[in-house]
Structure formats: structure tokens, C-alpha cells
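Q: Residue-level listing of the chains:
Protein chains: 4
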Amino acid sequence: MPTFADLRQQVCEANHDLHRHGLVHAHSGNASGIDREAGVVLIKPSGVDIQTLRPEALVATALDGRRLAAREVPDGIASPLRPSVDLRHHLELYAADPSLGGIVHTHSIHATAWALVERPIPCAMTSMADEFGGDIPCAPYVDNADDHIARAIMAHRTRAPAILLGRHGVFAFDRTPALALKAALLTEVAAHTVMLAMGLGTPARFSDAEIEKWWQRYHAGYGQQPPA
Amino acid sequence: MPTFADLRQQVCEANHDLHRHGLVHAHSGNASGIDREAGVVLIKPSGVDIQTLRPEALVATALDGRRLAAREVPDGIASPLRPSVDLRHHLELYAADPSLGGIVHTHSIHATAWALVERPIPCAMTSMADEFGGDIPCAPYVDNADDHIARAIMAHRTRAPAILLGRHGVFAFDRTPALALKAALLTEVAAHTVMLAMGLGTPARFSDAEIEKWWQRYHAGYGQQPPA
Amino acid sequence: MPTFADLRQQVCEANHDLHRHGLVHAHSGNASGIDREAGVVLIKPSGVDIQTLRPEALVATALDGRRLAAREVPDGIASPLRPSVDLRHHLELYAADPSLGGIVHTHSIHATAWALVERPIPCAMTSMADEFGGDIPCAPYVDNADDHIARAIMAHRTRAPAILLGRHGVFAFDRTPALALKAALLTEVAAHTVMLAMGLGTPARFSDAEIEKWWQRYHAGYGQQPPA
Amino acid sequence: MPTFADLRQQVCEANHDLHRHGLVHAHSGNASGIDREAGVVLIKPSGVDIQTLRPEALVATALDGRRLAAREVPDGIASPLRPSVDLRHHLELYAADPSLGGIVHTHSIHATAWALVERPIPCAMTSMADEFGGDIPCAPYVDNADDHIARAIMAHRTRAPAILLGRHGVFAFDRTPALALKAALLTEVAAHTVMLAMGLGTPARFSDAEIEKWWQRYHAGYGQQPPA
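Residue numbers (the numbering used here), protein chains in the order written: chain A, 1 to 228; chain B, 1 to 228; chain C, 1 to 228; chain D, 1 to 228.
No lab work stands behind these hints, which were simulated from the structure alone. Any given hint could turn out to be false.
Stated by the list, open to error - Think about it this way: if two alpha-carbon atoms lie no more than 25 Å apart in a straight line, the pair counts; the simulated SDA-like pairs of lysine to any residue are:
1) 213(B) with 26(A)
2) 213(C) with 143(D)
3) 213(C) with 156(C)
4) 213(C) with 119(D)
5) 213(C) with 207(D)
Produce the complete structure using the sequences and hints provided.
A: Rendered as C-alpha cells:
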């Protein structure tokens, strides 16, 4: 069970990794994490340089979006900065799905290209079957008023830990900020690889049965920990 | 209100960032800034390695292009180097639009590809609506004699902080060198993303009304400072 | 003759180089090496960050997949980590071809695009003739149960030190881990270059006689050591 | 007038820059320089890691290819390593054109793609007019026996400081190793940019008169030194 200090570190690292892997340009992406027990969300501040972000600059809010005072945050740190303008979408996703522990939003180039034409990325390679257990879906375009974005995501997501947002970009989400970051990275890789394959021929989507083989193996046997 | 020393630092960093973000190759780009009160423009010297450029190497000129002596520069530093051959275009843009505080010129690869066929980049993604408030326009080709380049830019620019120059490259401009650099970077990202989307289908341009929603929100609520 | 400590170092470096050359994303690749005399294989642990992998974290197994105790490993180091889920494929390739000393598995983007449409990469450039002595073949898709992957590779490989796996990725193999890594890198470069050339025209495959000239020269005269 | 020690440093840096700019992969490129007065050529050794190459590892030969003893080299350094297998092509180019001071050979990806279909890169952008004064030509394929490569280059080169070699790669050459490196880099940038523009429309080649305007200005007024 990670501590709140661990969470703060992981959210900061997920933001750095967005930059390090080339998934954001200028300030155009963000990562957050939640401590469910404490009811505290940590998110990137708005419009700051992501590669030099420090853990204590992360903004702490309650699930209803209320900014928290230092005494309400488990490690006693309250950043004076304004949160990402995308905070509301993160909060609504956390509220809608209690299994989520981390969320990442990007406009990574190849994935966003698919989003611009509102096409899902077909599950045409074994590494997509492993990670996404099927296609990476695409929610139709919505504006960013009210709860439009979170509602579109919840209505169109699958078991995959990522979704394209029509004419917009990518949201990825998983049990931890690090896993959400990984899903965002592999979304970009899948978007790039399948796009290139379409220039060489017609990559075939796997049958659902074939996908299941890879998904099950990957989720049962991979990595150093027993599956959650 | 930044000091002249701040400006010098920012112009130097904008030049470094051109290199760091892959927007220039060899010596093919430059950034400048202006101190309106002092009437001094700082610009990259011609043909030097941009990644090792030092602040004191920036060339100081008046708005009419006259090289300034050390005693005429607020921080008393006069570089012995020759200014960028593109100095004249920068000066004419500063003279034509008093709101400009920084200018960046690149031949970044994806944006220049659009320029080679003299096509504007259609506003087909939300991050373009945010940053550019519409298409990124393209001025028709002109040679670089006299004031041809600055005149073409002024005749064809929109509210977007960047423009393509037909068969040539990119100029970006904004209130500060850092914002001009950001506009040049997001021009390259937009050029790349929309181009890839055209290989997957037909990305739709947003209606002007839809663009306005994003532009207004972005310019009202984003970042850590109140809008200028 | 390299020592076991050298081998451990080389396997670790081959894993680092996978990351450094952009051939893996997240945890999606692995490199191994074998000490034939000691009968010990060293392979990357499952699901760990490849860029921070340390030599002592490599997992040592026998050719039959049995985990080795510290006293059975020539340098006395036994990692507590679980081996890559791809271990079995590596072991079967080492067993099937005694000349192999190193194996690398990637899902590098351009090479995998060819694999998604199950096309070999035609030998259309002199550097492919040098390194691969012909096309880079593509084995048809198989799932990863039992010995399917190693059998598909052995059935479809040529004298080239790399092969595409249909709808999956790349395996490269050579006398040492460093040479296998080089083959994986040059597979990605060939995949990228030939793909781009197909957008510009029809790159011609070399005749076998022309390929032979380059292959023979490269294998006779290149580098600092006499050919093995 | 640079000293021999300067030349050694520059040749080493040109080799490093090949790696730093992504123009070579594994060991697939090389740079050389010549001291005309001393009659000594310095070239990269064969098959070594280019990013860790040290100046004293460069191999010194006479123009006829004879390896020089330490006492025959102005700085008294004789590397024990074997020279690049491409040495002969470099030597023949230096012999054929006394104005050359540095030569660079690459298989950079985008430029090589044009070479695979044996197409010149049309002069469709102002930065190509500046640097190349016209198209980047492409010599038809030849094998690497005898003097075939150097003869093909000499027969098909123009005033541009670079040429594509059919189905092979790029040679760039200029007064110094640093300028040859710059020409190789800008060849790759031009190859990439024009290729992308062809996906968006039909980039127009400049008229010779228009090219001349840019070429003359660039060669008269650019940089910190008077033109040579």
C-alpha cells in the first residue's frame, strides 16, 4: 500500500514521463493520482513547464474540486498554484470508476491523428491484445463544457485503459499513475505502428478469441507481482 | 514588468529551445525580443551554433536596424557579432505591430512541408482552436528582398500567433519570446498531427462558433496569471 | 574469449541499448545471452524498467529453463526476479542453433508495421545487402503457446540475423548480444527507409548476385577483427 | 589557417555529430578531413562506436591510401586501427577535387529513401536554394568495387555540396569537415521536408533565376566570416 508521499512522487514522475516520452509539447498534457482513503486528488498545475515540475507544486483537491488547505492534505503540503483546466474531467472519471488510481491526458501526435478522424485503433498486433484487450476506442467529439468530456469517456470506454477523444486527444487511466502513463505511451505506439502498417497493406484485426489468449496470459503472468 | 536582463535571458532561452525542440537544424532558425521602452531589439547572431549561444552574444539593434554601442544598450553589452540575415524581417514586424514582444523564425520540417505546397493548416483539433483560434494561415511565396517577407506576413496573418511563408518556413510572434517559441512549437505539432490524420481519413475543420468556445476558454482561464 | 562477467555486462548493455535506440517502449522488449560452456542463459527480468536495469538483476537459467541457484552461476549471482515471459522462445532458439550467442526481441515501430501485414522487407539498399545478405524474412503469425514462436522462427529464418514475426514484432540473433542488438537496430532502419522509398517510387530489390558482392565484402573486410 | 591538431578535432567532432544528429545508426557512416599541405587524410576507423570515438583513434593515411607512421603525421599520432572500408572513396574524391577539405558519408533515412528510387531531391524550398543552389542530384547505382563510387559521384555532382548514391546513401563534401557535416544534415532535412510536402500536394521546383537570388545572398552575406 503506497503512502501519500509515494503517490505525490508517482504523480510527479508520471508528469515528467509525459515529457520524457514525447507525449506532450509545451504544456499540453497532464497526469493526476488519487488517494481514495484520504479522498485527495493530486494534479499538475495549469500552464507550467512539465519537465521541471516539482512534487510540492502538485495541486491537491477533494473529489468535488474544492482546493484543500495544507492541514487537509496528508503530507501537509498545499500548492499555491491553480490546477490544470482539465481537473474537472479527472475528478468525474475518479468519481465514476472507483477502481481508477491515476489518469493521464495527452495530445500525443499519432494517437491524436486517429482522434481527428474519429476512428478507433484496430487491435492488429499482439502488444495491443496484451495491453488493451481489443481496439482502442474513440469517443465522438464533445466540447469541454460541464461534464461533457467525462461523460463521453464513460459512455464509450471498454476494458482498455485508454480512449481517444474525437478531434481532441487521449485519456488513459488505470490503477496507478504509472500504469496510466504506460497506457498513454502504448496508445501512441499502437497509433503509430498500425498507421504505418496501413501504408504497406491491410493489417488484419485479431478475432476476439485470439485477443483473449494474449490478454489472459499478459494479465496472469507478466511482471514481478501477482495480478491485482 | 521584466527587466532588460530578463529579456536577454529569455531571447537566449528561446533560441536554445528552438534547438531543444528540434525546430531548427544546423543554423536555420532564430529568435528575437524587443524592449519597447528602450527601443532595443535583441537577436541571434548569424550562423552560430544555437545550442551553445550565450546571452551576451545576442546582437542589439535599434528598430531601424542600426547596431547599438554598449552605452546605448540598457545592460551595457554590445556583441561584436553580425546579426541574423533575417534581422530586417523581425524589425519590420516589430514596427508594424506594437503588441509584439518576441519573434521566432523556423524551417521546422512538418510546418515547412505545408508551406511548400502553400496550404494553410486547417483548424481540425481542439488544441489548434485553443492556441491559434482558427487555421494557421500561409502567405504566398515572396523572395527575401527589401520588405517582401514582412509585408507578406502582415497582409496574410490572422489572430493566430504564427503564419507559414510559402515555399519557405514559419514565423511565430507573440507578447514575449517564450510565447512566440511556444507558438512555433505548436505550429509544428499541428502540422504533423493534421498531416497524419489526412492519411487516415478527412479531418473536419471546426465551425467558427466551435473554435470560439475553445479560444475563449483558453484565453480566459489557462495558466497561472490573469490574461493580459 | 569473453568471461561470464563480460557476458553479463554485454547482456545488460544490449538491454540498455534497446531503450537508447528507441527500439522498446515501456517494457516491451528484451535481450539475452548464453555462455555455452557453462550452459547458462542470462535474460532480462519481466516488466522492469529497461533503462535502469543493473547487471545483477539479469535472471540466470539453464537451457531447459530451470532457474539456477547462485552456486550454479559462474559469477555466483542469482537474481530473485522472474525472467521475461519470452524466456522460452529464447531458450528454444539457443537449443536449435548452437551458433547463437545473443538474442534480442523488440516491437520496434517500423519493423512491426511490416510484420502487421506479414511482408518481408525487400533487400533494396546496399546496407541491407551488407548486414542481412538478402530480404528480412517474415514468419507467419503464430500465438505464443508452447514452442510456436521458436518453431516459426526456425522454419522461416534465412542467413539474415533477424526475422519479423507476423502481427507481432522482431527477433534478432547473432554470435553475441551486441551483434544481435545491432541486427535489431538495422532491421528498424531498413524497415523505415524502404517504407519511405515506397512512398516515392518503386525501390528495386537487388539481384542475388549483386547482394552477394556486398555481403562477401562486408563479412570479409569490415571492422577491427578478422572474420569469425 | 587551422593547425593539424584543429583538423583532428574537427574530424572527430564531425563523426560525433553524425551520431548526435541521427544521421548514422550502429557504425554505418563516417567523416574524414584532409590537410592538403601535409598530404594527410584523417578518417574514422572501421566498425567502431562513433559516439565514443576519440581524436587519437582517427586513422592517418596518405592520398594514395598508404598508412602513415607516427613520424609522418604532423602531430605524431598513429592509430593502430584499420580505416573505414570507405577510405578509398574519400581518397579519390580528395584527389579529384582539390577544393575539398572534408567528406561525410551517411545512410541517413530520408535521404536514402530518395536514393533507393534513384530520384534527385527537387529544389522546392528556400533553404535548399541557400545551401544547395539547386536540386540535390542522385548518381545511378554502382557497386563498391575499384573506383566506381568516386567516379559516379564526380560524374553526377553539381555545385551542391552533397549527392545521393543510387540504392546506397549520401556523400557530402565541402571546404571543411564541419561544412560537409552541415551539408549531410541539410540533405536529410530537405529529403524529409520535400517528401512530406509531396503527401500534401505538388511542391513546385524553383526556377533557376529564383534559386540564384537565394544562393547569391546566402553565399555573400551569411555567417560571421567574409565568404571564402
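Q: The structure should be examined with respect to each hint, and the outcome stated for every one.
A: Hint check results:
Distance restraint check for residue 213(B) and residue 26(A): the Cα-Cα separation of roughly 21 Å lies within the 25 Å cut-off, and the hinted pair is therefore satisfied. A threshold of 25 Å between alpha carbons decides the hint, and for residue 213(C) with residue 143(D) the separation of about 8 Å falls inside it, so the pair holds. Annotation: proposed proximity of residue 213(C) to residue 156(C) holds, straight-line Cα distance about 24 Å (limit 25 Å). Proximity of residue 213(C) to residue 119(D) is assessed by CA-CA distance (about 24 Å); at most 25 Å being required, the pair is judged to hold.
For the hint linking residue 213(C) to residue 207(D), the alpha-carbon distance of about 41 Å lies beyond 25 Å, and the restraint is violated.
The structure shown violates just one earlier hint, number 5.
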